[in-house]
Amino acid sequence: MKVVKNVEKRFEHTAIQTPIIAVPDMKRLEALTNANTAEVTNFLKIRPVHTVVMSSFIQDNGLESELNRGIYYGYRSETGELQGVALIGHSTLIEARSEEALTAFAMIARTSETAIHLMMSDGNAIERFWTLYKQDGSEPRLKFTEKLFDLKFPYPVQECEWDVRLADKAQIEQIAEAHAEVAFLESGVDPMEKDPQGFIKRCLRRIEQKRTFVVFENNKLVFKADIAAETDDVIYLEGVYVSPEYRGRSVGSTCMSRLGSMLLSKVENICLLTNLEFKAAHRCFEKAGFNSTDECTTIFV
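Converting from the sequence shown to the working numbering requires adding 279 to each position, the first position being numbered 1.
Be aware that a few hints might be false.
When the alpha-carbon atoms are kept at most 30 Å apart in a straight line, the in silico DSBU-like pairs for lysine-lysine are as follows [as the list claims (entries may be wrong)]: (1) K473 - K499; (2) K473 - K558; (3) K473 - K413; (4) K499 - K545; (5) K545 - K426; (6) K545 - K566; (7) K480 - K545; (8) K448 - K413; (9) K558 - K499; (10) K431 - K489; (11) K426 - K413; (12) K426 - K473; (13) K448 - K422.
Read the hints as simulated data drawn from the structure, not as lab findings.
Take these sequences, add in the hints, and give me the full structure.
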């Protein structure tokens, strides 16, 4: 087991100065390696919808990869069983099944060499994580609740006049601009300004992975949706976009319904998240056949 060295010593003063309900044994925290893949995969499969992003990264890149833009950690019980798995990095994702695991992940996150951009978990776990992570009472740059929408058969598939198909690399300019618009709306940060080369590279990789679906009319992007994460059981969608001049014409709902029927030939569940305040998006997804099944909190640092 690759134990994170010297963590206990570095955080000894923190446990004394700050009241923490569950003080973790940092000897049980480890940086996970590819040798842990089967164990971690089985742990995450217990809640496949909630952990689809972490599972997909592992399936695509392995536990040890720069493409994850962070490090996977595990926290174990006294008997050696996993109590939590977390990806600490650009996108910090937490699946903690004990308070000790949650606290341990918050403590190690303070030493992350990769700048943390967002934090996410279901329920209010990420808010507790933030409090443990900061410990100074400061507020995050942005925090909001998101609805989890889920689609599975049977559902009433709508008639769709549009040709929903896989994107082509030649369409990257319009696709990247549309995805950046969605990202800015959600996070307040325009990735085309912050890291244009890296952002376009990641958009191209999705196209090459056959995970970006589009509708074009007269060489104009009408609709777009991306598979952000995919496992054998679940697909997680993001970046759903309808061009402004086509909004209000049921383009989003019919294309999402059509896309759902295409993807459910591969997996049992499709899910996505959307801000609690985006009521028009909620109506679109509900009309397409999605059901709201849970909520989670997302924090942008």
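Hints, verified against the model:
| no. | hint | result |
| --- | --- | --- |
| 1 | K473 - K499 | holds (25 Å) |
| 2 | K473 - K558 | holds (28 Å) |
| 3 | K473 - K413 | holds (25 Å) |
| 4 | K499 - K545 | holds (29 Å) |
| 5 | K545 - K426 | holds (24 Å) |
| 6 | K545 - K566 | holds (22 Å) |
| 7 | K480 - K545 | holds (26 Å) |
| 8 | K448 - K413 | violated (41 Å) |
| 9 | K558 - K499 | holds (26 Å) |
| 10 | K431 - K489 | holds (21 Å) |
| 11 | K426 - K413 | holds (26 Å) |
| 12 | K426 - K473 | holds (27 Å) |
| 13 | K448 - K422 | violated (34 Å) |
When the structure is compared with the earlier hints, violations turn up for hints 8 and 13 and for no others.
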